[in-house]
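Here is what each chain is made of, one letter per residue.
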Amino acid sequence: MRAFDYQRPESAEAATRAQSGAEARFIAGGTNLLDLMKLEIETPRTLIDISRLPLDGIAPTEAGGFSIGALVTNAALAADPSVRRLYPVLSRALLAGASGQLRNKATTGGNLLQRTRCYYFYNPATPCNKREPGSGCSAIGGHTRIHAILGTSPHCIATHPSDMAVAMMALEAEVEILGPDGQTRTIPLADLYRLPGDTPHIETSLAPGDLITAVILPPPPPGRQLYRKVRDRASYAFALVSVAAIIAMENGRISAARLAFGGLAPMPWRDREVEALLIGEAPSPALFAAAADRLLATARTEDGNAFKSPLARRTLASVLATACAGNS
Amino acid sequence: MSVELKVNGRAVTVDVEPRTTLLDCVRDELGLKGTHAGCEHGVCGACTVLLDGQPTRSCLMFAVQADGYEITTIEGVAPQAGELDVIQDAFCEAHGLQCGFCTSGMILAARSLLEREASPTVEDIREAISGNICRCTGYGQIIEAIQLAAERMRGQNAPASPSLSRTEAVR
Numbered sequence: 001m002r003a004f005d006y007q008r009p010e011s012a013e014a015a016t017r018a019q020s021g022a023e024a025r026f027i028a029g030g031t032n033l034l035d036l037m038k039l040e041i042e043t044p045r046t047l048i049d050i051s052r053l054p055l056d057g058i059a060p061t062e063a064g065g066f067s068i069g070a071l072v073t074n075a076a077l078a079a080d081p082s083v084r085r086l087y088p089v090l091s092r093a094l095l096a097g098a099s100g101q102l103r104n105k106a107t108t109g110g111n112l113l114q115r116t117r118c119y120y121f122y123n124p125a126t127p128c129n130k131r132e133p134g135s136g137c138s139a140i141g142g143h144t145r146i147h148a149i150l151g152t153s154p155h156c157i158a159t160h161p162s163d164m165a166v167a168m169m170a171l172e173a174e175v176e177i178l179g180p181d182g183q184t185r186t187i188p189l190a191d192l193y194r195l196p197g198d199t200p201h202i203e204t205s206l207a208p209g210d211l212i213t214a215v216i217l218p219p220p221p222p223g224r225q226l227y228r229k230v231r232d233r234a235s236y237a238f239a240l241v242s243v244a245a246i247i248a249m250e251n252g253r254i255s256a257a258r259l260a261f262g263g264l265a266p267m268p269w270r271d272r273e274v275e276a277l278l279i280g281e282a283p284s285p286a287l288f289a290a291a292a293d294r295l296l297a298t299a300r301t302e303d304g305n306a307f308k309s310p311l312a313r314r315t316l317a318s319v320l321a322t323a324c325a326g327n328s
Numbered sequence: 329m330s331v332e333l334k335v336n337g338r339a340v341t342v343d344v345e346p347r348t349t350l351l352d353c354v355r356d357e358l359g360l361k362g363t364h365a366g367c368e369h370g371v372c373g374a375c376t377v378l379l380d381g382q383p384t385r386s387c388l389m390f391a392v393q394a395d396g397y398e399i400t401t402i403e404g405v406a407p408q409a410g411e412l413d414v415i416q417d418a419f420c421e422a423h424g425l426q427c428g429f430c431t432s433g434m435i436l437a438a439r440s441l442l443e444r445e446a447s448p449t450v451e452d453i454r455e456a457i458s459g460n461i462c463r464c465t466g467y468g469q470i471i472e473a474i475q476l477a478a479e480r481m482r483g484q485n486a487p488a489s490p491s492l493s494r495t496e497a498v499r
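Line by line, the protein sequences are chains D and P. With the working numbering applied, the first sequence corresponds to residues 1 to 328, in that order. With the working numbering applied, the second sequence corresponds to residues 329 to 499, in that order.
Chain D on its own, in the form it takes in the complex (with noise of 0.2 Å):
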């Protein structure tokens, strides 16, 4: 590993300012940026700790949802009391991810900013646009299981891992960021990442010094919450798929729905053409056949991959009836 300086800020204003440049970065629980840092494909060359300040916090808004710090753990979070009864989908999918020695470093915030990515971009032996813009991408053409079907360039296919930021984007959680000029704002969960496009070395919105200093979950939408993850072993797996469902239901029909995925795309991944697809409809395996082809209207596979599509529709199809049913 590179050597590097450790600073560890008073406050989060001093904390942006410290990362100014491109060669410093953050790190809380570091369950991602150490072992990146190990193969030498991040190599900053200063370190802000951030993972001391107040940011630990889960706390009701005005608004009537709840304000998550940034550095409360993926453990803490999962196992608030208020999470679990209001937001059942987000405590299901953070415990549906990494493994309980993780889940007990990695926060919030940088279970948001882990980096989109696949085995090829892992080792530095083979050709990574992400790793080395302009080299190449390995994956398409190679192994493909774990890669993405929708929202990939030709430039890269690989998938945000994340379970948490599948639920949270079902949730419409907003995400609270603190600039160096010390000015905070708020964005969609959406508009933090990117799509790889030419560019799949820029994963995020965010410019140097700023630091996501919350996420801000509305207040719990009405209907029924379920995360479902498809994956190879049953725990400590990425998602194959995974899919997030708030469904709510009147008079046998679907009144509201929301649905986000993971395991299929370069960040988690949610299609509002398929979800007013499903509203004022009856449930049925014909309308679920039928959602399911508009989320895979522009799927893309590789040979390796290409099973995801009919595991995407059975697991939507499957997701859909078990919400549906018995919930009017």
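Just so you know, the hints here were simulated from the structure itself, not pulled from any lab data. Every value quoted in this text rests on a predicted model; they were computed, and no experiment measured them. We put the beta carbon where it would ideally sit given N, CA and C, even for glycine. Keep in mind that a hint or two might mislead.
Have a look at the derived ranges for each label pair, beta carbon to beta carbon [unchecked claim]:
(1) D:Leu-39 to P:Pro-487: 36 to 44 Å
(2) D:Pro-188 to P:Pro-487: 53 to 61 Å
(3) P:Asp-395 to D:Ser-284: 55 to 63 Å
(4) P:Cys-427 to D:Ala-282: 52 to 60 Å
In silico lysine-lysine, DSS-like type, Cα no more than 27 Å apart, as pairs [claimed, not checked]:
(5) P:Lys-361 to D:Lys-38
(6) P:Lys-334 to D:Lys-38
(7) P:Lys-334 to P:Lys-361
On the provided structure of chain D, position chain P as indicated by the hints.
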């Protein structure tokens, strides 16, 4: 950099480079070789230590970030030198180990589980050790060892004599 750590109840000051992981620090600076370096990428769990009682990957943490925590390594679980604690003893008795490489991490993961859950189900145990990889046992005897330890710890916490139990005293 000078860092003050509290390891197994003992305050120590180490002088490490910022890039030194907590794993390398406890092994090389403190000589506590019971914490094992396996994959060193957060996958295998051999390097598990407890931070304020919570299982943590010491390979994915810098030593300079570890001040202020109560750090427990496998060397800190036995009541005194030459003895085993209940979980270690149960691992021996139930043959919960073969080569022993994963065992420190398994025992610390089990300890954290049993501190919060006196009667864990098999599912609870499987989940608690799911971040720890064993390539010898097939996990069956590890689960049995943790069940045995749980049973013994429940026994330790029960009243010594039924006549001294709370309900009896009230009568």
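Do the hints match the structure? See the list:
no.	hint	result
1	D:Leu-39 to P:Pro-487: 36 to 44 Å	54 Å, violated
2	D:Pro-188 to P:Pro-487: 53 to 61 Å	57 Å, holds
3	P:Asp-395 to D:Ser-284: 55 to 63 Å	59 Å, holds
4	P:Cys-427 to D:Ala-282: 52 to 60 Å	58 Å, holds
5	P:Lys-361 to D:Lys-38	21 Å, holds
6	P:Lys-334 to D:Lys-38	25 Å, holds
7	P:Lys-334 to P:Lys-361	17 Å, holds
Hint compliance for this structure: hint 1 alone is broken.
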